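Visitor: Listed below are the residues making up each chain.
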Amino acid sequence: MTASEIWNIVMMQGFAGLSLFSVLLLMGLGLAIIFGQMGVINMAHGEFMTIGAYTIFLASTLTETYAPGLMPYYFLIAIGIAFVLAFAVGWMAEWALIRHLYRRPLDTLLATWGLSLGMQQIFRSTFGAKEVSPTLPEWLMGSWSPAEGLDIPINGLFVLALTVLVAGGVFVMLYRSRWGLRVRATVANRTMANAIGINTKKTDRMTFAIGCGIAGVAGAAFTTIGSTGPTSGSLYIVDAFLVVTFGGAASLFGTVASAFGIAQAQSITEFFLTGSMAKVITLLAIITILMIRPQGLFALKVRR
Amino acid sequence: MSSKDDRKGLESLSRRQFNMGLAALPLIGMSGMSMANTQFPTAKVNTTKLAITDTEVTVGQLHSATGTMAISETGSIQAERLAIEQINAMGGVLGRQIKVIQEDGASDWPTFAEKSKKLLVNDRVAAVFGCWTSASRKAVLPIFEKENGMLYYPTFYEGLEQSKNVIYTGQEATQQIIYGLDWVQKEKNAKSFFLIGSDYIWPRTSNKIARKHIENFQKGKVVGEEYYPLGHTNFNSLINKIKVAKPDCVYAIVVGGSNVAFYKQMKAAGITADKQLLLTISVTEDELLGIGGENCNGFYACMKYFQSLDNANNKKFVEAFKAKYGAKEVIGDVTQAAYLGPWLWKATVEKAGSFDIDKVAAASPGIELKTAPEGYVKIHENHHLWSKARIGQIQSDGQFKLIAESPNLIEPNPFPKGYQ
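As you go down the protein sequences, you meet chains A and B in turn. Using the working numbering, the letters of the first sequence map in sequence onto residues 82 to 385. Using the working numbering, the letters of the second sequence map in sequence onto residues 450 to 869.
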């Protein structure tokens with residue numbers, strides 16, 4: 082191997098880690114809001130991602146049939162629609178199911194798990210049991226090679242950019258907006274927040290729906306790198322919980338740090354060991370750290 | 450005996466439409482049946498109290514219609530239904546119409562075991578067409594052996610199994626693997642291989658056979674062997690390892706949702722067919738629906754059947770399948786193998802002159818099917834099928850272009866010597 086080849090591999094491996102980081106963060110963000118801020122264990126998170134994925138599929142099919150000229154652009158619009166759809170379904174799920182269970186966190190686990198099974202079967206009955214493949218715009222496929230032998234995946238770059246955008250948006254929303262203030266007040270002390278006139282019920286519904294909407298965006302983006310089928314969402318759910326729990330449930334910064342840590346650990350061990358061993362080692366490291374720090378990497382300092 | 454079966458087999462499809470017309474006339478249908486039944490009285494063809502009357506024989510169908518495996522098993526359910534319908538339109542088996550009891554294994558192995566017990570013990574079915582994953586087959590096998598049932602299993606699988614109570618209508622590992630490896634060695638001059646698989650029994654056993662064949666028989670080199678957990682969605686590190694190892698050929702046995710992620714990310718990383726030779730044994734037309742042909746066109750797969758096979762049997766099969774399930778449906782290797790099950794069972798029962806499991810099991814070796822969409826197949830002593838292996842190249846429309854096929858039928862060898 083020549084020096085330039087080694088340099089290329091180091092670059093591509095570095096990007097592989099960065100790309101995994103953006104995937105983990107994007108799938109974890111929605112959950113971080115719901116689980117971290119509200120304490121609801123949303124097992125249907127993956128299915129809200131699947132809503133996003135099927136939105137892309139529908140949009141691509143419709144665009145191909147009715148407006149083939151718009152193929153290069155539909156993807157960006159469809160991501161927006163994915164957010165709206167997942168947001169709406171999340172809003173309804175909160176109203177119908179979740180709000181009755183706020184005092185019983187373990188029951189939300191069961192209820193949302195049931196919700197996830199039901200949603201999977203709805204996808205199966207609507208779109209068929211087989212996987213589908215949305216036609217993606219040409220500019221999203223293939224690789225960018227700035228040098229000979231160096232290939233940077235364009236879909237990876239796209240997911241990275243989208244993640245930065247969404248994460249930035251969530252930060253601004255949580256720390257610079259009235260809604261964010263209300264959410265943080267509710268998390269810190271629900272009774273007190275209620276007492277000073279914050280409508281915590283409305284805040285909860287909004288928070289849950291926004292979390293679901295972000296899951297929809299993640300699912301839409303992942304059609305560029307993964308599968309679209311009734312159970313595609315369940316491929317991500319374990320990793321999403323891992324990221325949020327490891328980062329410290331109530332801390333958004335923790336989620337970012339944990340996604341980065343897990344991604345780097347996994348992609349580096351994967352390069353030097355086999356895939357299954359890499360997973361074992363990553364999980365062992367996470368478990369060990371969680372045993373020492375059960376609250377996760379970054380915990381919110383609040384008086385309980 | 451076999452020549453008589455052939456004649457029936459050949460007649461079968463040409464007479465189908467004629468018989469469909471007949472089925473509309475119940476009187477004629479009835480008289481046809483009663484004639485057959487004086488020839489094959491129930492007391493004689495059914496000595497073990499299976500669910501068989503003078504006019505009807507009950508069989509079971511056991512696949513996952515729900516859960517993660519529904520993605521794969523739906524095609525098999527459809528194909529078996531189609532075959533049974535066609536057989537019924539021809540007048541059934543020994544003059545009896547086939548009635549199907551369908552059970553859902555729900556992608557859960559204990560459920561498969563429970564439902565197979567129900568089919569065999571409560572429903573007393575004469576045969577079961579079912580299972581897909583090796584795990585589900587392993588779960589029901591002891592029950593079929595204890596309760597003496599007959600299972601027609603459609604999936605290509607890892608081998609290392611043989612049972613009186615199972616007919617394996619898909620290929621066992623050596624039939625699929627060795628021809629493909631020899632082809633890339635001879636035609637593409639591949640000497641070094643990178644083996645990739647999802648982490649469970651079928652890819653691991655298959656890669657073990659592949660490695661032995663490459664190292665001991667081809668004198669080639671395995672430059673990497675990697676397994677990733679089922680459902681793994683990020684392959685960038687693996688792709689970089691492939692770039693470092695620079696194999697002549699990537700040999701991929703990735704399944705499920707991982708499959709889609711693997712090929713999409715390969716393409717995004719610039720590994721396309723013009724730069725890299727790739728041979729897979731886990732991508733059929735069904736998988737291509739999810740992956741998208743444009744994400745892996747030019748790569749090769751080794752199977753026994755492709756939907757694009759150009760022969761009269763296959764044309765009729767594809768036409769009938771699309772007429773029943775819609776023009777957008779695709780037919781993969783396993784779907785075709787599932788279609789063979791009911792036909793093989795019918796031929797065997799007619800040869801044995803009985804529905805009794807023991808007699809059907811004993812009569813199975815030597816049963817031929819000339820109407821098979823894949824061409825001609827024959828059941829071996831070991832209850833697997835003699836079949837050809839074929840190389841197809843993935844096209845961007847999600848179909849395969851036939852590139853090569855083995856000149857002769859390949860003998861099934863579930864316990865290959867020198868490969869263990």
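To be clear, the hints were calculated from the coordinates, so they are not data collected in a lab. There could be a bad hint or two in this list.
[Said to hold, decoys possible] Dumping the calculated DSSO-like pairs for lysine-lysine here, alpha-carbon to alpha-carbon at most 30 Å:
| hint | chain 1 | residue 1 | chain 2 | residue 2 |
| --- | --- | --- | --- | --- |
| 1 | B | K635 | A | K211 |
| 2 | B | K657 | A | K360 |
| 3 | A | K211 | B | K595 |
| 4 | B | K670 | B | K548 |
| 5 | B | K635 | B | K692 |
| 6 | B | K595 | B | K548 |
| 7 | B | K670 | A | K211 |
| 8 | A | K211 | B | K765 |
[What the hints assert, rightly or not] Estimated spans, in silico, between C-beta atoms of each pair:
| hint | chain 1 | residue 1 | chain 2 | residue 2 | range |
| --- | --- | --- | --- | --- | --- |
| 9 | A | I373 | B | V693 | 54 to 60 Å |
| 10 | B | L609 | A | M152 | 47 to 53 Å |
| 11 | A | S357 | B | T502 | 48 to 54 Å |
| 12 | A | L364 | B | R653 | 18 to 24 Å |
| 13 | A | G161 | B | K566 | 47 to 53 Å |
| 14 | B | Q848 | A | L364 | 47 to 53 Å |
| 15 | B | A722 | A | E145 | 20 to 26 Å |
| 16 | B | P814 | A | I87 | 56 to 62 Å |
| 17 | A | V91 | B | Q844 | 34 to 40 Å |
| 18 | B | E505 | A | W194 | 40 to 46 Å |
| 19 | B | K613 | A | L364 | 18 to 24 Å |
| 20 | B | D846 | A | V91 | 37 to 43 Å |
| 21 | B | K498 | A | L178 | 32 to 38 Å |
| 22 | B | G775 | A | I373 | 55 to 61 Å |
[Stated by the list, open to error] These stretches of chain A come out as covered by chain B in the derived footprint (C-beta under 8 Å, 3 or more residues):
| hint | region |
| --- | --- |
| 23 | 98 to 108 |
| 24 | 156 to 170 |
| 25 | 201 to 211 |
| 26 | 280 to 292 |
| 27 | 352 to 359 |
This structure is a prediction, so every number in the text was calculated from the model and none was measured. Glycine included, each C-beta is placed from N, C-alpha and C at the ideal position.
Visitor: The structure should be examined with respect to each hint, and the outcome stated for every one.
Guide: Now for the hints, and whether the structure bears them out:
A C-alpha spacing of about 36 Å is found between B:K635 and A:K211, which places the hinted pair above 30 Å, so the restraint is violated. Distance restraint check for B:K657 and A:K360: the Cα-Cα separation of roughly 22 Å lies within the 30 Å cut-off, and the hinted pair is therefore satisfied. Distance check on the hinted pair: A:K211 and B:K595 sit about 34 Å apart at the alpha-carbon level, beyond 30 Å; violated. At most 30 Å may separate the alpha-carbon atoms for a hinted pair to count; B:K670 and B:K548 exceed this at roughly 53 Å.
Between B:K635 and B:K692 the CA atoms are separated by roughly 23 Å; this keeps the pair inside 30 Å, and the hint holds. Straight-line distance between C-alpha atoms of B:K595 and B:K548 comes to about 24 Å, which keeps the hinted pair within the 30 Å bound. Taken as a hint, the B:K670 and A:K211 pair is broken in the structure, with Cα atoms around 37 Å apart against an allowance of 30 Å. About 24 Å separates the Cα atoms of A:K211 and B:K765, which keeps this hinted pair within 30 Å; it holds.
The hinted window of 54 to 60 Å between A:I373 and B:V693 is violated, with their beta carbons roughly 35 Å apart. At roughly 48 Å, the beta carbons of B:L609 and A:M152 sit within the given window of 47 to 53 Å. One distance hint, 48 to 54 Å for the beta-carbon pair A:S357 and B:T502, holds here, with the actual separation near 53 Å. The supplied range of 18 to 24 Å is met by A:L364 and B:R653, whose beta-carbon atoms lie about 21 Å from each other.
Distance hint for A:G161 and B:K566: a CB-CB separation of about 51 Å, consistent with the stated range 47 to 53 Å. Take B:Q848 and A:L364: their Cβ atoms lie about 40 Å apart, and the range 47 to 53 Å is violated. Judged by the Cβ atoms, the range 20 to 26 Å given for B:A722 and A:E145 holds: they are separated by roughly 24 Å. The supplied range of 56 to 62 Å is met by B:P814 and A:I87, whose beta-carbon atoms lie about 58 Å from each other.
As the Cβ distance of A:V91 to B:Q844 is approximately 36 Å, the hint placing it in 34 to 40 Å holds. About 42 Å separates the C-beta atoms of B:E505 and A:W194, a value consistent with the hinted range of 40 to 46 Å. Between B:K613 and A:L364 the beta carbons are some 43 Å apart, a value that contradicts the proposed interval 18 to 24 Å. For the hinted restraint 37 to 43 Å between B:D846 and A:V91, the CB-CB distance of approximately 38 Å keeps it satisfied.
The hint said 32 to 38 Å for the Cβ distance between B:K498 and A:L178, and at roughly 50 Å that hint is violated. Roughly 57 Å separates the CB atoms of B:G775 and A:I373, a value that falls within the hinted 55 to 61 Å. Requiring three or more residues with a Cβ within less than 8 Å of a Cβ of chain B, the coverage given for the region 98 to 108 of chain A holds, as 3 such residues are present. Check result for the region 156 to 170 of chain A against chain B: violated, 0 residues qualifying (beta carbon to beta carbon below 8 Å, three or more required).
Residues of the region 201 to 211 of chain A lying with their CB closer than 8 Å to a CB of chain B number 5, which satisfies the three-residue condition for coverage. With a threshold of 8 Å between beta carbons, the proposed coverage of the region 280 to 292 of chain A by chain B is violated, since 0 of its residues qualify and at least three are required. Under a criterion of three residues with beta carbons nearer than 8 Å to beta carbons of chain B, the stated coverage of the region 352 to 359 of chain A is upheld, 5 such residues being counted.
Violated hints, listed in ascending order, are 1, 3, 4, 7, 9, 14, 19, 21, 24, 26; each of the other numbered hints is respected by the structure.
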